[in-house]
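Participant: So the sequence lines, in the order shown, correspond to chains A and B. In terms of numbering that gives the first Met the number 0, the first sequence opens at residue 0 and continues consecutively. In terms of numbering that gives the first Met the number 0, the second sequence opens at residue 0 and continues consecutively.
Since the hints were derived computationally from the structure, they do not count as laboratory data. Among the clues, some could well be false.
Stated by the list, open to error - Here are the simulated BS3-like pairs of lysine-lysine, each with C-alpha atoms no more than 27 Å apart in a straight line:
| # | chain 1 | residue 1 | chain 2 | residue 2 |
| --- | --- | --- | --- | --- |
| 1 | B | 45 | A | 25 |
| 2 | A | 38 | B | 45 |
| 3 | A | 85 | A | 155 |
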Amino acid sequence: MNPFSYSRADTVHDAIAALVSDPQAKLLAGGTNLVDLMKYDVVHPSTIVDISRLPLNQIEELPDGGLRIGALVSNSAVAYDPRVRKHYPLLSSAILAGASPQLRNVATTGGNLLQRTRCYYFYDPSSPCNKREPGTGCPAIGGVNRIHAILGASDKCIAVHPSDMCVALAALAAIVEVEGPQGRRDVPFSEFHRLPGDHPEKDNRLSQGEIVIAIRLEGNRFAGHSSYLKLRDRLSYAFALVSVAAAMQLADDRMVDLRIALGGVAHKPWRDRLAEAEFTGAQANEATFRSIAERLFVGAQGRGGNDFKIPLARKAVVRALRQAATGRPVDGPDRTLQ
Amino acid sequence: MDIGIPHPTCSITIIVNGDRLQLDVHPWITLLDLLRGDLELTGTKKGCDHGQCGACTVLVDGERVNSCLKLAVCLDGSRVTTIEGLGRPDAMHPLQRAFVEHDAYQCGYCTPGQICSAVGLIAENHAHDRAEIRELMSGNLCRCGAYTNIVDAIDEVMGRQAAKPALEAAE
């Protein structure tokens, strides 16, 4: 790790001011990703601004029945909060599918959104990488790309966003509350992260000096019919190869509202609202689920090592939709391979 | 509060195994390196140093964390418990005794982290059967593969009955 200066922000305003005055400064909350990136010399900040003591560690109930989760609430605290478990089981099970208990005790809600890809080339400073050093190239294209994107990639970058929590938040259409030098603004979850395009160095649409304050969830209509399915190389403590957050409202076996978000397949949690709209009103049955799975991956592109993800993801979508329709929210420790 | 430039040490107070310590630390020193270096508490092990193996697990304010990913400077005012603080050979913690009785290790390198993690697991109270113990101990790797005996030891301390035959078969 490179030497750096340390300061502690006492207010959100302090944190914003520190970022504005020094573009090389980094905010540190739980640190489970940033400290690791610093050890690998992927990130070498001039200053670490410790925001872990800011008063952003509460989960509040909103008048519309929703929840507001402070950016510094730990992953464990969100996943085990009784209100989250009851009303947003999709979010709870997605969080518990990620990382380990030790990491979840420390990692924060805001930090989860801002974690970097686990692309092996991004993590290796001796390798070119357009995300780490723009303009140097993408060795994953034509290289080892088993874990890489099948949707929305560019010829500059085929990395994927590694989060489980964010996949559930995408399906739940969360709002990200952001504060910066110009004040506060709300960012719809689907607009928070971005596709790589020509600027894979940008993971999200935060401007210089902006920080995540909270996540807002609307009153949940999907608690009875949602499911998070995560497929990976071992049954726990591994990043997703493919994950699916499925949520629906049923009326007479028809899906009157439908949400599907995908993890492990793109540079951001992937949600295809046109596809969701096409199948809204359809019968919740196997034939429909297979049609949805076909439709979602019409534009998918394998890169060799990750070709297997396309059929895997189709099957995962069918299974997640089946689980959601039958009210099985938790892809839990007793999960059996089907 | 700006602690200054260019790279001075920072003064922190932490309570380690009950001892209140005032320390001057460089901001890039992890809790793991502080414990094993200046404090000579080498029971906490460095495995991967990247939060992937759990060998460095300790308790911070009662919660299990990977000490390799925590900067010591951020822990001003915190209470840290390591394997040395849980028990001694002549006064073992119930989990230490259970690990011995169940032969829940071979080389022993992951054991301090396993035991600290198990203390955290029991305090969290989210594991209610062997499958949940396995899932919620997944942050601690054991390359000798003593997992079955580790679950036995934790299960016993949790006061649970011996494993059901079906789950044993699945393991």
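Participant: Starting from residue 45 of chain B, check that the Cα of residue 25 of chain A is at most 27 Å away, please.
Facilitator: Status holds; Cα separation ~26 Å.
Participant: Please work out if residue 85 of chain A and residue 155 of chain A have their alpha carbons no farther apart than 27 Å.
Facilitator: Outside the cut-off at roughly 42 Å; violated.
Participant: Would you check the hint for residue 38 of chain A and residue 45 of chain B, treating anything up to 27 Å between C-alpha atoms as holding?
Facilitator: Roughly 14 Å separates the two Cα atoms, so the pair holds.
Violated hint for the displayed structure: number 3, the only one.
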